[in-house]
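Using the sequences and the hints, build the whole thing.
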Amino acid sequence: MATQAARLLRKLDGLFAVYKPPGVHWKLVRDTVESNLLRAVNSSPPAAPRFQVHFQLLSSGESSSSRELTVTATRLPALADHPLVTGPQFHKIRVGVGHRLDAFSSGVLVLGLGNGNTALESLYRSHVTRAYTLEGEFGMATDDFTHSGRVIERTTYGHVTQDKLERVLAMVQGANQKALITYSRVNLHSQEAYDLAVKGMLRPQDKSPPILTGLRCLCFDPPHFTLEVQCVNETQWYLRKLLHEVGLELRTTAVCTKVRRTRDGPFKMEDALTHNHWTADDIIPAVTHLRHATRKIRKNYSYKQAVSQLDSSAKAQSRTSTAHLENVSEEKDGSHSLYSEMSADSKQWR
Amino acid sequence: MFVCRRCVRVLRSALLYVQPPVTPASPLPAGGAVDLRYRSVTTGHSSASLLPRMPSGRRRERRESCGIRYLTDHTEQKSASPHGQTSSSVLQQSNHKTAQGEAFKLHREASRSVSVPAAQTLIDLDAVPCPSPFEEISEEDAIQITVPSDLPPVTFTLRDYVDKSETLRRLVELGVNLSKLEQRPNVGSMLVRLDFQADVAPRLFFLKDLGVEDSQLGLLLTKNPFILTESLENLQARVSYLKSKKFSSESVAAMVSKAPYLLNFSIKRLDNRLGFFQEQLGLSAQKLRDVVTRLPRSLCGSLEPIKENLKVYELEFGFRKNEIQHIVTKVPKVLTANKRKMTQVFDFVHNVMGVPHSLIANFPQVLNAKFLRIRERHLFLEYLGRAHYDPAHPNYVSLERLVSLPDETFCSEVALASLDDFERFQKTL
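Protein sequences, first through last, are from chains A and B.
Residue numbering for the first sequence follows the UniProt record's numbering, starting at 1 and increasing by one per position.
Residue numbering for the second sequence follows the UniProt record's numbering, starting at 1 and increasing by one per position.
Quick caveat, the hints were computed from the structure, so don't treat them as lab data.
Take these hints with a grain of salt, some might be off.
Claimed, not checked - Restraint-style ranges between C-beta atoms, simulated for each label pair:
hint	chain 1	residue 1	chain 2	residue 2	range
1	A	F220	B	R424	22 to 32 angstroms
2	B	K341	A	R100	18 to 28 angstroms
3	B	P153	A	H54	34 to 44 angstroms
4	A	E245	B	E408	43 to 53 angstroms
5	A	H277	B	E400	19 to 29 angstroms
6	A	D281	B	L416	44 to 54 angstroms
7	B	E423	A	N115	27 to 37 angstroms
8	B	K341	A	H91	21 to 31 angstroms
9	B	K321	A	H25	19 to 29 angstroms
10	B	T229	A	H91	21 to 31 angstroms
All residues carry an ideal CB built from backbone N, CA and C; glycine is no exception.
Shown next as structure tokens:
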């Protein structure tokens, strides 16, 4: 039955992004979105109540001994279908969360609705990169690497220049590139590996520690500085620790004042909804707008699964690398479009 | 489960005796039933209550197999002893119980006495003479056909009983949300056991006399169904106590609507609470009455959080006594607010925004607002260079306007920017 509620629920299927404000737990975000959607869905009119025939005996005549019995039949709606008795039609809407953000951080948080939650699984496994903006401050070291933690050490930072900072960042990036090559399991001596590395399309294949694929300094204004980071498999605690270690490398100390995620895979800041717009009216257009990105994620992951299945049947290592490095012809046409998509994306993402 | 032919007959005849308990005049003899046991009150309805008495010659009638014919035989007996429509109320309960007990006893006896041979596991329906459904019967017989009740004796929801119970029906008509009440433990059983005319109606009249709106009655009962079990003398006494403390009848009605559990508390407790507020806050009687009328739940809950909050305002925030009094009279909610959230808001407003105590005391709505909202709006104004909260400054922004205005008005009048800009700024935080 295509009731209004059912039609609304059918539209609530897919992935969309919200902008999580700082200081708010991600679970509160998810619960708020779910309760707003439930309110919208439960506000649609319920199904018509069933009717029941009630028979009522009316004794005709004043004398009780007349024994004349008149029965009237009335058709009334059954009270068991009254909304105050049945309660709300829907108690739960499946809302899933993508890569989580801790309470200190803010930024793009991907949520999945209904059947879109299966695409979240693909998002996890597809090793998409995420972009962060980290703001730091020299001169302090705290226990949880943020400016609101317990201060452990204070140092001077007068000797720090942008040049030195850039050098430290380059060193960090170099270490991360080596890790990336190792975990992407490509044969270093092949042309294909070189091509991929030049385009910046190397990705870790399976589980890996946090790897930064890109790192640069956006703004240097001592004691404050801002870094932009593109990374895979990270946690926000790791990024704050990174800032702390950058400070240590510069012979001073640094704390993190802000962690802001600006991109999560194909989901960008322009698509993210601020907390005033976490209602069904704004979420449904967002979901329809992002359905192409969602479909791409699912396709990426399913292709990857198919490729890895092919590889596992033959010789393990070399077959894997050649399969991944083949650009054009032998295998499915999807591979070409996949890599061209990924290269286009990475160009945007850089 | 295959039942032998004789047992089918026995069961069928037994089922016909199991009547819905329609008009009980006396309460159930058994004490507290744990699950939702049905006991309906239909004083007006007497539709199917022509309950035949339990005949003594039950075993004789076992031979009769099918319903309608059995009843026609039975009414011949009945005409000898006529009885009115509502006379069988007391007997009904005992009959109901004995009917069920006897039915099961009979079946057990029957099954014990007759061993079911393997060849005869099927019921031979042709051998059993059933009357045709098209057979003509008299009107009186037709009315006396009793249908076994389909009400479950034990259930988890009130949906099964609401069509048959007058109490529940009237409560739904009032606007009581039964789906919420049935989730609370034991409330469903309590509601089903209530008698509308005897229990519910007097209390509803009492509330109406108090001045509670008809539209509010449903909400009140949804939040506090236990007002229906509180004795009327106690309720009257508590209302007269409040009136003796010079609360007007409108304020008493408003307090009861806002805090439905108010009248369930003893006079001693209410007195204790009022005394505490009088002593701690040091407000005049009229102002205290005003505060309590606007926040009646301060009389209902525990005093410990309120004591803690007052200590926090005095010692941690550093407000003076008269400032606290002023804040409480303006925004009574600060008494029962969450201590941690208040600390967060005050810390931001005083230390980050730089607003002094006196200004916060003049605009206590700031303490009632959400931290996220205050933070975003302040940072936006700071980014635009308009974050001046000192009244002496020419482009002064009052704290009250900062928190209470909706987003569009705030952007257009206070920040002098577009809503789009504000949203883009929110995404940079």
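Hints and how they fare:
1. A:F220 - B:R424: 22 to 32 angstroms: holds, 24 angstroms
2. B:K341 - A:R100: 18 to 28 angstroms: holds, 24 angstroms
3. B:P153 - A:H54: 34 to 44 angstroms: violated, 23 angstroms
4. A:E245 - B:E408: 43 to 53 angstroms: holds, 45 angstroms
5. A:H277 - B:E400: 19 to 29 angstroms: Holds - the Cβ-Cβ distance for H277 (chain A) and E400 (chain B), about 26 angstroms, lies within 19 to 29 angstroms.
6. A:D281 - B:L416: 44 to 54 angstroms: violated, 28 angstroms
7. B:E423 - A:N115: 27 to 37 angstroms: About 29 angstroms separates the Cβ atoms of E423 (chain B) and N115 (chain A), which means 27 to 37 angstroms holds.
8. B:K341 - A:H91: 21 to 31 angstroms: Between K341 (chain B) and H91 (chain A), where Cβ atoms are some 28 angstroms apart, the hint holds.
9. B:K321 - A:H25: 19 to 29 angstroms: About 37 angstroms separates the Cβ atoms of K321 (chain B) and H25 (chain A), which means 19 to 29 angstroms is violated.
10. B:T229 - A:H91: 21 to 31 angstroms: holds, 29 angstroms
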